[in-house]
Each structure stands twice: as structure tokens, then as C-alpha cells.
Amino acid sequence: MPDSADRPTLFLTTRWTMVREAAAMGDEGASAALGDLCAIYWMPLYRFARRHGHSREDAEDLVQGFLARIADPRRLTGLDASKGRFRAFLLTSFNHWRLNEWKRGCRLKRGGGVPTLTLDWQDAEAGCTSPPADEQSPDKLYDREWALALLAKVLADLEAASVAEGNGTQFDQLKTCLTADSTKIPYPEIARNLGTTEGAARVAVHRLRKRYRHLLTAEISRTLSNPEALEEEMRSLFAALST
Amino acid sequence: MNPKPPSPCCPDCGGTLPVESPQSLCPACLMRQALASRTLVGLGDPRPCEPPLSPEELERHFPGFDILECLGRGGMGVVYKARQKSLDRIVAIKILPPERVGEARFSERFASEAAMLAKLSHPNIVTVHDFGVSNSQPSPPDSQPLYFIVMEYVDGVNLRDLLREGKLEAKQALAIIPPICDALQYAHDKGIVHRDIKPENLLLDKDGRVKIADFGIASLMGTAGDIAGTPPYMAPEQNGKTTDHRADIYALGVVLYEMLTGERPDKELIAPSRKVQIDVRLDEVVLRALERKPELRFQQATALKTSLEVIANQDVSAQPDPKMTSHPVPMPWIGYEYRSSRTLCGLPLLHVANGLDPLTGQPRQARGIIAIGGVATGWLAMGGRAYGVCAFGGIAVGVLALGGVAIGMVSVGGLTLALVMALGGMAIAPVALGGMAIGYLAMGGQAIGAHVVNGCNPDTGWLHQSYRAYQTWLFGVLGAIWLFLLACSTCISAWAKSRALGIDPSHASEKKPGRRGEWALGLFIGAIAGVPMFLGFMGAQEVMAICGLALLFSLVLGVMSWRSQSGKFAALASGLAVLLLVVFTINYLTPRTPQVPYEDDGKTTMDATAIERVVHEMESGLGIRYKLLPVPNGETIPPPDFERVRDRATAIARRHYPDFKISMDGDRFIMQRNLREYEVHNPSKSGDVSAETHKETGPAADGFRLVLVPLVEAPVSQAFQADGQQILDRPYWKSFVDHRFEPGKNSGVSMFFDFGPAVKEAFQSEMLRLLEK
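Order-wise, the sequence lines are chains A and B. Numbering of the first sequence is given in my numbering, commencing with residue 1 and proceeding in unit increments. Numbering of the second sequence is given in my numbering, commencing with residue 1 and proceeding in unit increments.
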């Protein structure tokens, strides 16, 4: 979501629970920040709904309606069960919402004054049809897609920051180093490609990796009410990705 | 369908890239790199981690297995769930981290250690099925050999998962730990130490069975001296020094602490019961397992298990007594134990044991050549209850027993019972000496026996004489022995405590209030116990002054250490004692007012009413408080009703002063002793019996005259001091003065006459003669 990077986010370091409360109290900035959060993570929800057999239109409406009401504490439950994780909270409350909507048998009327989201339905559709999806439970896939969305957001932020500093090409060169072991990074080759010394390349890679880790942990922390659960959340995301 | 061409592979992990990989980077590797920087593999040396192999890739290495999924990854390797095709069973395969196995001589160590691990067969230890080294069949370039261990797959959760929900019930914890202790003991007996006990390694299967995983992996992975383990669960000695099985006990202590409180122990250890509502007895167990010194911990896992089971059995509900739940001091009842390594005749040379044994809840017993403690048994036993050849303590039983209650061949103390000789407040023995002496040969205040030693008995008079002569020394020496032993046991105990608990000076300073309290208590006891001892060779005033000073000091110390129990007790007790002392001193210093106004006719000192009063007081047992004053020779005192006075006085004198020769000289009533003759003359009302009333009868007069005068407000000091000192110094008169007599202070003299047998005989014959008349 490159568009989310240039939107001002007031609540970048604030916990999502606080953001939600603030938005419920009518704080404009908080509403925007919450919308921002939802903009990152709507896709896993949509795919989740699709995997549960909702039609494309139904799923779109469900997710839109759900995200529109997310700041309303009376409507959504499941905060206790999630142990403060936004990921779990979204899924639990979305499930509640989905079932309630289905029971009512009617579609949700959109509320006024809620920021509308630019949702890329086409892109979202792409992942749903990939064959391995059938073998795993929707919940596990949801976690996996959540992690992917998170990483996409972090990398987009990282790229945006690099571009803003005028290092766009450097980022393209160095991004492969983010996945490699520090011992296996071919510094001479990178230095050659970038036209700098090996020492400079080392520094650049180190900075990028450091920045990436910082952005990632900050992003994950946003979705947790308790910062101590960071390690655990990272592990579970890793587990979701590696299966 | 996916419109894209066949997905590219990740260059790092080799897995296929998912369709929507951000920036065409492998998401798993992205996350792993972020995670890797946060994982501690070795202490202070975050080694780079190899990416875990995907299940598919791993299958190339293990053709006999279906690799189902990656279960997780830790510092000690990656674990996969797999199905062993041949046996159709689910197993766990642990791949040791390649960056570690590159170390020198790893393969040898791996082979020997793994063979030993495979021998571990215990229901509470995850079984090792197989181990070995594997190379993938189509060997990719620069691939390292994979060291793997095939283990039993435990379908369940680990303790960490349980602990995420917070602390466990004490009951649950008490159910989980004992099987672990069993397993640990089993492994320890085989010489295998886990070295990495932590909640992650304690697995609970669906049936609730507990199993220890990763046995010996830590020691396998760490070379000698290498720091391996998980920091919060590592025993202090694991920091470089050699470790043994007791490190596992420490780690288990941390796990238990975490289960009970939901938190890991802080640097400053707080007893679990101060954090949560649990049985305080669990504190003892936890704190003992967490002792920093391995020697102070449970020495065996079974010991830990036993003490937990004792608690569990005694109190299944684990509902603590509310009074018991929090104790102001973390572990005062645990006490300490020191045993010297040197032994003699199978007994340690020195054994100091105090407090309760956490294993049994019973007081610890000290057994040694020198034994000091609550209950001490040994050649030289000192303590609350002491049994030994030489026993010294509250209750002392031994050949030579010295104590509050002393029972033995020879015993000295408060209540003494002896086969040979007893010396004490109440002494029962063939030879008994004391306040209340019961025995064949008895001597003392109240002596009951076949042979009672006292001054009146001509047979034993010599014994009594010599006892009188040496009693000061006797009590002085006994007191010194007592103090010496007290000091010895205190010093040795303190030394042993510091050795046993490893208290360094900084630590000791923290405990100062408690020590001050003990000092206060000691001072108080010393002050009280010292009084009778010092009285033997010191004046009452000095003793009172010293005693008062000591009590005051003890009071101050006690108040300063009010927090400790001993301080509180010492402060209260010495406060009370000081108060009593003050009251007594005031009373002592206040001049007594005469009870009967004394009519001074200038000539006589003994009129009818006075005599009457004397008689009355004597007969009613109020005591004998009369003056003994020298009078000039030849002067007479005519009593008003001499006949009556004489009769009464004679009767009194016979009863109270059997040693005196009572005679009549004209109208004077004379009690004689072969010394000098004195007579009361004109004690002035002003109180000063001046020197002019004093006159020696001269060498011719070898008599002594006693005139009984009622107590008046008149110090006898001057009258006595001229000659009184001499009188007092004569051996005959040693027993003349009792403690109430103080020249210059007392206004009365109590007299207990006690003369030698020759005098007595003379007196008796004189009395007989007198009576026959």
C-alpha cells in the first residue's frame, strides 16, 4: 500500500487499543490512524471471508462494513480473547460480525463520516485462487496473509523512506540483503554495482537492515496492546510464514 | 489460476517465493532475519542462524520419514514433526544448528553423548529413538552434514504455553515438579546433566504426563567452559565454573518459582509467599532450591521432590493459614548448617545446625565431636538441648552437665539431677549442694539428707567451714566456665553461620538489626545471670550498678533493633528489669522511718515497750534488725522490768543465738562470746552513735555483750567503723553479716551467728549450767 506511507499518521507508535478508544471518543486523527491500520490489514480479512464461501460482493461488503464500525466498542467484541493482539482481535470480531450479518440476512448500510478505503479488490482476489490455499485452514492462511501484508507495509515504508532520501536505486540493490544471513552477503558485488567501496556497502547494508528491523518491530508493536508480547508475536508470524 | 510464470526460489532458504511476496523477497527469510537479531544463541555472542530447512528440503535428507511440519526453532536447533514410514509412528526430528556443529571434535562428542542419551529410558524423559549424521542424497554444493536426533513426539504443550496464561495453582505446580524430579534424579544417577531446564523444555502431553525434552543437548552443544543455557534459568555457578547436577536443581527452582508466582525470581530474591497467597512452607523449598551456593541447595532432585510431597500430602488443598502466609523476614526458620569436613570416629569434628530442616520440618540436629545447635549431640554438646559427654545448654544431659536443667554424673545449673554430685538452685544427688539440696550428703539453704552439712553439725562442720572459705572461688570459677562456654558457642555459631550461608561482609551489614537484637538479648541474659555470680566477690551496690548499666545498654540495643524478635524481647525484658531496678534503688535509698518512736531516757536503751516490740517482731518472724553497739566498760543499763525481759530475751536468745553464753550480771542481761564486751549505750535520736559511746572493755574482758535494741533511725556506721571492721574481718564473724548489712548505709543489722564447734560446745554447757540453776 504505497498510499498509506505518505498519509500522516499521528498514532504511529501508539498501541492499537488506545487508537481505537481514541477514535471511539471522536478523535479525528485517531480515526484516521485506525483507518490506516485497517487499510493495511483488510486484505487477509477479505480472503478469509472468501475462503469461507462468501461471494466476492458479499465479502467486499462484509469487510467494508466491518472496518467502518471497527472503532465502535459496542459493536465489536473479542478484545479479551485476543490477548491484545490486533490480528486476533480483527479475526475474532470479524467472525462475530460475519455471523451476525449472515443471521440478519441483510447487507450493511454504510455509516457516514467514516473514511472510505481504497481497496484493491483485484489484487486481493489474486491470492484467493492460488491452489495451495485449499490445503490449509482459513485461520492459518489468514495469519500468513496478515504477516505478508505486514511485511509489504514495512517494506513499502522502507522503500518510501529510501526514496525520500534519494536512495531509491540503492534500496533496489540492497533489498535482497534483508533476507540473507549477514555472513552470506556478497559485499564486493554490491559495492561494484553501487560503485562504492566495500566498506561503504557494508555500512549501507547494516543501516538498511537496522532500519528494517526497527520499522518491523514498530509496526508489530502497533498491533499489540502489550509490548512485551512482541517476541512471541514475531515468532508466531514467522511460524505462519514458514509453514 | 496464477498468471505468473513458475515462482522463483528464494536464494537464501531455497523455498518457493509466494505469489505476493513483498518486493519479491522471501517473507519467511525477512521475518527470520528480524527475529534472528533478537535471539540469543550463545551468551554475548549472537551467532548468525542458518535458515531452517523447509520440510520438503529436509525430506531429501531423511528418505525414511515424511516431514510433516516445522515445530519450532530454538538456540539448540530446529525441530520438525515427522512420520517414520517404517514404523508408522510420529516422531520429532531435531536438527542441531549447523553453525555450532562446525566446532572441532563435534562429531566425536556427538556420538558419545548421543549414545548415552539414547540409554535414558524414563517415562518422564522424551525418548531418543535415533541419532546420526545425514547428508542429502543429491548433495548440493557446500552443504554441511546435518546432525540430527530422532525423538519421541510429545503431543501437547510445553510449560511455557501454560505459563503464558499466568501463574499456576500451587496444586498444579506440586503435581508437575515431582515427576520432573524423578526424571532428573534418574539422569543424574547416570551422570547426565540437563543444563538447560526451562519451561520450554518441560512438555505436558494430552494425558497430563510431564516429560523433559532436550536432555543433555545443552552439554552436547556447549564445549567445556562454554556458557550454554538460558540465562534466567542458569545457576550462578554456571557462569564459567564447573557445574554439576545441582545446576539443574537450581533451574528447576526457577521454574517452580515461575509457576507459583508467574514471574521469574529477581536479583533480590523475594519469597514467593510475599508475592502470592501460598503455603509458606513452599518458600523454604523454593528458596533452598535457589540457593546461590550449590552446597546449600537440595543435593538431590529426590530431596526436592520429597519436601514438595511432604507439603502436598500434609495440605492437599494448599489453603494456607492466613497467619502463616506472610512472614516479615524471608527465611529465619530455615537456619543453617555447617559440618566440618574433618571427622573423628565417624563424626564431624564440628557440626553446627540451627533452625528447621526443610525436608522434615523438624529441628535440625547437630551431631559431632563438638556439636552446637538447637538439639546437639556429641562429645562436647552445646545448645538448647544438649546430650553428650560434656553437655552445656538449656537442657543438658551428659556425664558432665551444665545448664538450666542439668542431668548427669556431675551436674551444675538451675535444676540439677546427678548420679554423683549436683550443684544448683535445686540439687538432687548423693552429694547435693544448693539452694534446695536433697541428697545423702546435702548442703545448702534448705538441705535434706542423711547427712546435712551446716555449721551446727559437729561432724561436718569442717566441710562447711571449708565450703564457706572457698565458695566465692567456686562460684567465680563456675561462672567463668559458663561465660566461656557461652562465648565459645556464640562465636563458633556465628562463624559457622557465615561459612554455611556464605554471608559476605556487605550482606552481613544488611542483617545488622537482627544481630543487634541478639546482642541485646545476650546482654540482658548476661546481666541477669551475672548478678549472683558477681555477688560472690563484689558489693551489692557495684553489682547493681554494673547490672543496671548492662540492662540499660541492652534496652537501647533492643529498641534499636525493635524489628527483630530478639530485639523486641530484649527491649521489653530489660525495660522491665530497669524499671524494677529503679524502684528498688529508690526504695533502697529512701531512709526508713522508725516504726516505733524511741523514748530516749539518756541512760537506758531498752525499755519495756521496746523489749516488747523486739519480742513481738522476733516471734512474728519479721526478722532481727537490731543494733550491736559497743559500750564503755562498767556502765549499766537497768531495764525497767528486768525479770520479764530476761525471760523473754533468754528464750529468744536461745532460739536465735544458740552460740551465745547468756548470763546475768547484776541487773544486766549479758550475752557473751569470748571476744569483747559491748553494750548499747545511748544511741542518740539524731542518728549518730558517736565515737564517745564506744569503748573497748580492754584485754581483761573476754566477754561480749549483746544488747537488743529496736530499730531506730540511726546509722551504726561510726560505732562500727572504729572496731566493726575488725570484727567483720575475723573468721568467726564471716557469717555474721548478711547481705542487708552495709556499714554507713543500713540502719539495721541482721545477725546470723555462726561459730565454730568449740564455741558452740562452751555455750551449750554454759546454757545447761544456767538452766540447771
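Bear in mind the hints are in silico, worked out from the structure with no lab data behind them. A portion of the hints provided could be inaccurate.
[Unchecked claim] Some chain B residues judged to face chain A by a derived CB distance under 8 Å, without partners named:
#1 Q23
#2 A28
#3 A34
#4 L419
[Said to hold, decoys possible] Simulated restraints, written as ranges between beta carbons of each label pair:
#5 A:A200 / B:L269: 17 to 27 Å
#6 A:A218 / B:E237: 54 to 64 Å
#7 B:G208 / A:R211: 46 to 56 Å
#8 B:A115 / A:T196: 49 to 59 Å
Each residue gets a CB set at the ideal place from its N, CA and C atoms; glycine is no exception.
Are there hints from earlier that the structure breaks, and if so, what are their numbers?
Those not satisfied are hints 4, 5, 6.
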